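Enquirer: Add chain B to chain A, keeping to what the hints say.
Chain order of the listed sequences is A and B. My numbering puts the first sequence at residues 1 to 465. My numbering puts the second sequence at residues 466 to 998.
Certain hints may be false.
Taking lysine to any residue pairs in the SDA-like style, the calculated list, with each CA pair at most 20 Å apart, reads [what the hints assert, rightly or not]:
no., chain 1, residue 1, chain 2, residue 2
1, A, Lys50, A, Pro63
2, A, Lys350, B, Thr661
3, B, Lys948, B, Phe627
4, A, Lys50, A, Ala90
5, B, Lys852, B, Ile800
6, B, Lys948, B, Glu748
7, A, Lys350, B, Ala614
8, A, Lys350, A, Arg426
9, A, Lys50, A, Leu65
10, A, Lys350, B, Asn615
11, A, Lys350, B, Leu609
12, A, Lys50, A, Gln62
Don't read these hints as lab results, they were simulated from the structure. Quantities reported herein were computed from a predicted structural model and do not represent experimental measurements.
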Amino acid sequence: MTAALIWIFLPFTAAIGLWAWSRHPAQSTRLATLLCLFLATTAWLIPIGKVLRLGPLTLEIQPILLLAGRRLNLTDTDRPLLIFFFTIAAFWFAGAQQAGSHRLFIPYGLAIVSFLVAAMAVEPLLYSALMIEIAVLLSVPLLFPPGERSVGPGLLRYLIFQTLAMPFILLAGWALDGVQANPTDTNLIALASLFLSLGFAFWLAIFPFYTWVPLLAGETHPYAVGFLYLLLSTTSLLLGVEFINAYGWLRNAPQLYLFLRWMGAIMVITAGIWSAFQHNVGRLFGYALIIETGFSLLAISLNSRLGVEIFTMLFLPRVIGFGLWALSSSILLQAGRSMEFQQLERVAEKWPFASTGLIVACLSLAGLPLLAHFPVRLVLLEQVARQSPLLAVWVLGGNIGFLMSTFRLLAVVTGGYFGPRQPGERPLQITLLSIGALSLVIIGLLPRLFLPMFTGLLSAFTRLP
Amino acid sequence: MLALLPITLLLLAALGIFLLQRIRPSTGWSWLIALISTLISTISVILLRWHLPQQVAIESWLPFSQFTDSPILGLDGNAWPYLFALSVVALAIILTASARLQYDISPYAWVGVLSLCAVGSLAVLAANLLTLILAWSLLDLIELVILQANSTHRSLGLQTVFAFAFRVTGTGLVMTAILLNAGQQAPPTFSSLNATSALLLLLAVGLRLGVLPLHLPGVQGIVLRRGLGTMLRMSAAASSLVVLGRLPAQSLPPTLTDFFQLLAALATLYAGVRWTTAGDEVEGRPYWLIAFSGLAVSSVFRGNPPSSLVWGMALILPGSLLFLYSARRRQILWIPALALLGFSGLPLTPVSGGWSGLIAPPFRFSHLLLISAHACLLAGYVRLILKPGDDLAHMERWVQVAYPIGLLITVLALVFVGFLGLPVTPGMNFGWVGFLSVAMASLGWLGALLWHQRVEAGTPLGRWYAETARRLGRALEALFNLKWFYQFLWWLYHRLMTLVDLLTQILEGAGGVLWTLVLLALLISLLRTELTP
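The following block holds chain A by itself, in its conformation from the complex (with noise of 0.2 Å):
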């Protein structure tokens, strides 16, 4: 048995399933968020590539698998990763039906985590480019589902930007070739920088580019939108360290780093000023999501090892974050609002656990201290101001440009009577937001604690500083 069998083609294979069974939604969420678990747990459980005796019985997971001349390589280094992958999508889905999210949502995000887990695992490294467009493709009816609601300029817009970016990469391996077989030769090294930065430019919405970010988020449901922004962030941020882990002449570039620091910046800068002027929760996500890209940006740009670490500690307050606005936004819109600050006056009344859970997800989001982001920005804003204090309190500045918009936020939900009176959410909503906040509200607390869960993902990365 293969590691690419159990983690990759049988969850596809369960998506097809699903797809199926989609008319039975309740039970479909159950079956894939506990198929996810058990994906999770098996990789955390179960090493790759070791001989594993139970009894009598022997049980060894091969980590390659040949396929038309490619390899999906899953070694034992990856199990964080998959452990990583399938929790998220497992957390994902649980809410998926308290989320009012549409029937066809399970089987395409389950179909969607196999191909990015399948984009991590191809060799060569390249054939990701692929493996990725397949499910920007597969998203399509996730964020639109058939005969629900009409497609709108955002999703034109990230279709044209994401499948930008295949060509590119493809592109760069062709010139990487090249690199290897010559590595003298500077204009190569120059073409292949080139085409890897506008690869993953594009993938990661890297100023200018993000500008369908915001778009999209403003035109389809919270809960679709956040489950995809996370998944395809994270799978395309470890396979740009991933990139700088495998090549050493990339590694080693100065300027590498110094384009990093700048991008970065940017990208917290300018999407904090624009969100400060936001008057929709949604594109509010969207500016979100590029201001945590920045943040990670940043990260890796410090090009050392506390940088890494910083790099992965960012993703469970980013988790819990995207998760909370996801469900409490679904909440609200369930209930008839509109995403629209309008639409939302004084919502807190009626909707007081959902109004808290996406305020608490905007603030921590933001980086107010004592909740979950808060740490590992600061440490992550004080290494950079030891390289450039005027572009750490810049990107300060761009952070306060969010928080800007979420006192607009909570002036908005808040601002009647807020005490007691019969909440309008579910007894499991009530209990599943609560859970988001609180989590929030303890990892600020206690980092130490819950942050560094997720830095097994550096044993994939054996070069990094």
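Expert: Just chain B now, with coordinates in the frame of chain A:
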């Protein structure tokens, strides 16, 4: 660290009252628990005076292998007075609550009082910038929740959010100070602050206290009037004022100091005047806070941070007395009168040491503004303690005993802290300033009496005087309350919003992809020089 014991006790008591109210509601038992816990807490804080300094670091709070900053709590000569003042105020609130039982006081309010006192005390103990940020944020979030839960009108909810936003902006300034310090490879501690970071920290404190720029730091018209409202304001003030005493002396950049000094003096005088004319002490409370905070901030601008403690104590102790002075009787008037004497600044009174930090030669115009502000505070205090209130004589006997004790302990605390707890001891130096202030306040009173006589006589000249004074007052009020400034900022924000909307439409419109490519070309041309080694 022993200093954490009173804080833990207060939190446990708050939890106990909360659980008691859930299981078996009892106002009497709740009051008793609150009283005993605050009493023990105050006594233990007094005992801590002889065990200074103390420090505890929460090691390895952050999970990084190469980053060693940790939250540090420290009790020293600078933090102790504020810790003591807060515990005394909590005790006074509980004792004087007996006189307000007729207003259906909820024991949940005492849960709030004890929790706020504990969190405020934690903020007072913050010994580095990281801890300060965390403690301030905790206090701000608790205040946000309490105020939102008590906001009955939309306008109050909005005020709450504005107040929260101002406070968080102050926290943002502290973060900026941390980053600038990091830029110079210095740790984020108070002692290693460079000039710019120190100024930023001072501005952050000024912003949180409502002094720089002038704004009302609290929420007006909310139901939290006496007990919880007082603790809310005092814990926020103490947590900010304590920072002033920690700033290194002469650390501020001289170029900007004069400008900010004048702004602070103007804000102080404005608040002093508004305090004098306030309808009652609760309405005037924000102005009392701003005025005394202004005096404390001005001490730092003059390069004497330890003097700020004196003004901080005057803000918290006599202030709390007046805000808790709801039931009145002629026989207990001597208690607020003693408090008045305590902060009068006359020689050998507890606050007299504060003048040395405020009125250092050479003489400047702002000195006059600050002395006038102090005189206004004295005059307003006299006016407000003479106002009628609830009748103490008709309350139960035990209330007639507990209530005056609650008021008296704030006066005793001022005397105790003034002579034993402050780095600046009372003396005769600058005694003339105290006399000048008292004389100005007396003259003000005399002038006001003559004025009333003239106006009440109803002569045409008297009416003209009254009308002219009203118009002048309105004009000055409109100028100094800075509403025009905030309206301008709001207008600017809306204009920027229009601009951003326009740019968004361009970038997200039909030609958006082309615009993106143009931006990319622009970016490459800008960054090319930066990235070329």
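Enquirer: Look at each hint and say if it fits the structure.
Expert: Each hint tested on the structure:
1. Note on A/Lys50 and A/Pro63: the hinted pairing holds, with a Cα-Cα distance of about 9 Å set against a maximum of 20 Å.
2. This hinted pair does not check out: A/Lys350 and B/Thr661 have alpha carbons roughly 47 Å apart, beyond 20 Å.
3. Under the criterion of a C-alpha separation no larger than 20 Å, the hint pairing B/Lys948 with B/Phe627 is consistent with the structure, at around 13 Å.
4. Restraint check for A/Lys50 and A/Ala90: the C-alpha separation of about 27 Å exceeds 20 Å, so the hint is violated.
5. Distance check on the hinted pair: B/Lys852 and B/Ile800 sit about 15 Å apart at the alpha-carbon level, within 20 Å; holds.
6. With a CA separation close to 18 Å, the supplied pair B/Lys948 and B/Glu748 stays within the 20 Å bound.
7. Taken as a hint, the A/Lys350 and B/Ala614 pair is honoured in the structure, with Cα atoms around 14 Å apart against an allowance of 20 Å.
8. A threshold of 20 Å between alpha carbons decides the hint, and for A/Lys350 with A/Arg426 the separation of about 12 Å falls inside it, so the pair holds.
9. This hinted pair checks out: A/Lys50 and A/Leu65 have alpha carbons roughly 16 Å apart, not beyond 20 Å.
10. For the hint pairing A/Lys350 with B/Asn615, the CA-to-CA distance comes to about 16 Å; that is within 20 Å, so the pair holds.
11. As the CA atoms of A/Lys350 and B/Leu609 are separated by approximately 19 Å, the hinted pair is consistent with the 20 Å bound.
12. With a CA separation close to 8 Å, the supplied pair A/Lys50 and A/Gln62 stays within the 20 Å bound.
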